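Chemist: Each chain, written out:
Number of protein chains: 2
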Amino acid sequence: MRVIDTLAEMQQQADQWRREGLRIGFVPTMGYFHEGHLALMRHARTLADKTVISIFVNPTQFGPNEDFEAYPRDMDRDLELARGVGVDVVFAPTVDQMYPPGFQTYVQVEEVTRPLCGRSRPGHFRGVATVVAKLFQVVKPHVAVFGQKDYQQLLTIRRMVEDLAMDVQVVGHPIVREADGLAMSSRNTYLSEEDRRDALLLSRSLEEARRLVSKGERNGEVILGAVRRILASGPRVRIDYAELRDAETLEPVQHLEGPTLLALAAHVGRARLIDNTVLEP
Amino acid sequence: MRVIDTLAEMQQQADQWRREGLRIGFVPTMGYFHEGHLALMRHARTLADKTVISIFVNPTQFGPNEDFEAYPRDMDRDLELARGVGVDVVFAPTVDQMYPPGFQTYVQVEEVTRPLCGRSRPGHFRGVATVVAKLFQVVKPHVAVFGQKDYQQLLTIRRMVEDLAMDVQVVGHPIVREADGLAMSSRNTYLSEEDRRDALLLSRSLEEARRLVSKGERNGEVILGAVRRILASGPRVRIDYAELRDAETLEPVQHLEGPTLLALAAHVGRARLIDNTVLEP
Chain A
0 MRVIDTLAEM QQQADQWRRE GLRIGFVPTM GYFHEGHLAL MRHARTLADK
50 TVISIFVNPT QFGPNEDFEA YPRDMDRDLE LARGVGVDVV FAPTVDQMYP
100 PGFQTYVQVE EVTRPLCGRS RPGHFRGVAT VVAKLFQVVK PHVAVFGQKD
150 YQQLLTIRRM VEDLAMDVQV VGHPIVREAD GLAMSSRNTY LSEEDRRDAL
200 LLSRSLEEAR RLVSKGERNG EVILGAVRRI LASGPRVRID YAELRDAETL
250 EPVQHLEGPT LLALAAHVGR ARLIDNTVLE P
Chain B
0 MRVIDTLAEM QQQADQWRRE GLRIGFVPTM GYFHEGHLAL MRHARTLADK
50 TVISIFVNPT QFGPNEDFEA YPRDMDRDLE LARGVGVDVV FAPTVDQMYP
100 PGFQTYVQVE EVTRPLCGRS RPGHFRGVAT VVAKLFQVVK PHVAVFGQKD
150 YQQLLTIRRM VEDLAMDVQV VGHPIVREAD GLAMSSRNTY LSEEDRRDAL
200 LLSRSLEEAR RLVSKGERNG EVILGAVRRI LASGPRVRID YAELRDAETL
250 EPVQHLEGPT LLALAAHVGR ARLIDNTVLE P
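Going down the list, the protein sequences come from chains A and B.
Residues 0 to 280 in numbering that gives the first Met the number 0 are what the first sequence spells out, letter by letter.
Residues 0 to 280 in numbering that gives the first Met the number 0 are what the second sequence spells out, letter by letter.
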């Protein structure tokens with residue numbers, strides 16, 4: 000496994016593979032790996048000849064009062080885990096490589112970045128789209144794999160790739176959960192034992208919504224009412240949003256007809272957690 | 000010479016050339032060719048094995064009260080001229096191909112797009128950066144040639160390419176002028192005979208500025224005063240801006256020390272013309 004920390008070397012490696020006719024799979028990450036990351040890497044390996052992952056805690060997707068500094072990092076452990084999965088290249092650029100002095104170019108995806116986390120975290124998706132656009136120029140992947148836990152991020156990347164005709168296949172991977180249902184997240188490390196019990200209410204409320212829909216419920220208010228009641232039963236849970244939206248356009252949904260995203264964000268202790276499911280009426 | 004009108008075919012052609020180890024040169028244009036365009040194409044041919052030009056009047060770089068509809072077009076003549084220069088592919092997508100329903104992704108370069116034409120034409124450079132970013136994803140050039148008449152556009156593209164690590168070499172080409180000094184432009188076709196006489200004052204004022212600097216003048220106000228006097232001598236000239244700016248950052252310049260852009264925009268008759276020179280004190 001090769002570790003590359005400059006853009007030029009990464010582009011050279013990608014060019015060489017492409018000249019040899021090899022297919023490049025890519026998983027961009029912010030590191031501090033859990034089973035969710037490793038599942039994306041394993042999936043990328045099945046789709047490509049060479050697998051590149053990036054580890055880069057991207058400052059432009061954090062707000063001024065968010066956890067950029069505190070975000071957990073453990074490069075040695077990450078490299079060990081990536082090696083174990085059979086990754087070919089870990090691309091780990093510095094902030095200065097990615098954002099040199101004078102940097103002033105941003106990629107903005109509009110409609111799909113406005114609601115949900117876009118409203119709670121202004122500028123977040125501009126940072127995400129910009130860094131992924133840049134990583135794509137450097138890693139030159141044929142296929143890139145993103146987790147569906149960050150559903151709005153996945154939609155944003157899909158739109159960017161389609162709108163700018165980036166020649167990359169974007170693949171979503173189902174949410175990977177702990178045995179008890181908690182969606183895996185590097186930010187779960189922020190949870191105390193008591194926080195963690197309450198954090199389970201997110202996935203539990205999604206289950207309840209799926210149960211209601213499977214029993215024929217189509218009224219959005221009824222479904223969200225049940226979700227909010229479950230979340231409110233946890234004293235450590237502070238809801239940021241709980242919304243139903245069209246699974247492709249993210250337009251609000253009152254009455255379920257097609258595939259509908261149920262998206263949650265909540266502060267639990269000092270962590271801000273997100274989770275979601277696509278309801279199929 | 001092949002004419003391609005879909006993104007997918009263009010990407011396939013580019014991929015094939017790249018697999019064969021061929022170097023792709025690219026000149027993006029809005030068509031209605033003059034000698035300036037042809038000079039860019041000839042230059043691109045010297046830098047690459049295969050030369051692609053695009054012809055696309057890009058709606059997103061025109062303001063609501065600008066000349067998108069009126070912009071001159073003559074595809075048959077353009078194809079003839081491109082063939083004469085030895086272009087390999089003319090890529091001429093439709094507006095629907097470039098901006099399909101639901102399109103919502105834009106590339107924004109910040110500081111260098113704020114002054115000059117960025118102030119007169121809000122959104123213009125966002126449209127330029129977006130369409131060029133997309134064309135680069137489709138044509139996959141190794142090198143792209145832009146005219147220096149659109150100096151701020153060239154700087155914007157350079158910044159975008161550097162900031163997003165696009166693997167494209169951006170080459171500027173000197174302004175091509177008519178025998179009498181008028182910078183070539185597709186919009187010169189808007190000029191009446193009387194307009195055209197006054198339009199000459201743009202290049203003439205640039206000459207005067209160069210003469211002053213060569214004689215040792217370094218005071219920006221003195222230089223701009225002379226420029227404005229010359230422009231004001233044309234009754235059909237309405238100055239949009241005449242400014243001195245750092246040739247790389249576009250920061251305002253009062254006293255000339257390094258390479259300094261003297262940039263002009265003026266309405267002459269119903270045409271809005273631009274011209275510039277880099278003063279080297």
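If you are wondering where the hints come from, they were derived from the structure by calculation, not from laboratory data.
Treat the numbers as computed from the prediction; the structure is a model and nothing was measured.
Yeah, the Cβ is synthetic: ideal placement off N, Cα and C, and Gly gets one too.
Among the clues, some could well be false.
From the structure, some residues in chain B lie toward chain A, with a derived Cβ separation under 8 Å [to be verified]:
| # | residue |
| --- | --- |
| 1 | E8 |
| 2 | Q10 |
| 3 | Q11 |
| 4 | Y31 |
| 5 | E34 |
| 6 | F102 |
| 7 | Q107 |
| 8 | K133 |
| 9 | M159 |
| 10 | L163 |
| 11 | A164 |
| 12 | M165 |
| 13 | V170 |
| 14 | H172 |
| 15 | R176 |
| 16 | S202 |
Chemist: All hints, please: hold or fail.
Modeler: Evaluated hints:
1. E8: With a closest approach of 12 Å, the B/E8 hint is violated.
2. Q10: holds, 6 Å
3. Q11: violated, 10 Å
4. Y31: violated, 25 Å
5. E34: Violated, about 31 Å.
6. F102: holds, 5 Å
7. Q107: Status holds, d = 5 Å.
8. K133: Constraint on B/K133 satisfied, holds at 5 Å.
9. M159: holds, 5 Å
10. L163: holds, 5 Å
11. A164: holds, 5 Å
12. M165: holds, 5 Å
13. V170: violated, 18 Å
14. H172: Violated. Min distance 23 Å.
15. R176: violated, 31 Å
16. S202: violated, 31 Å
Of the numbered hints listed earlier, those contradicted by the structure are 1, 3, 4, 5, 13, 14, 15, 16.
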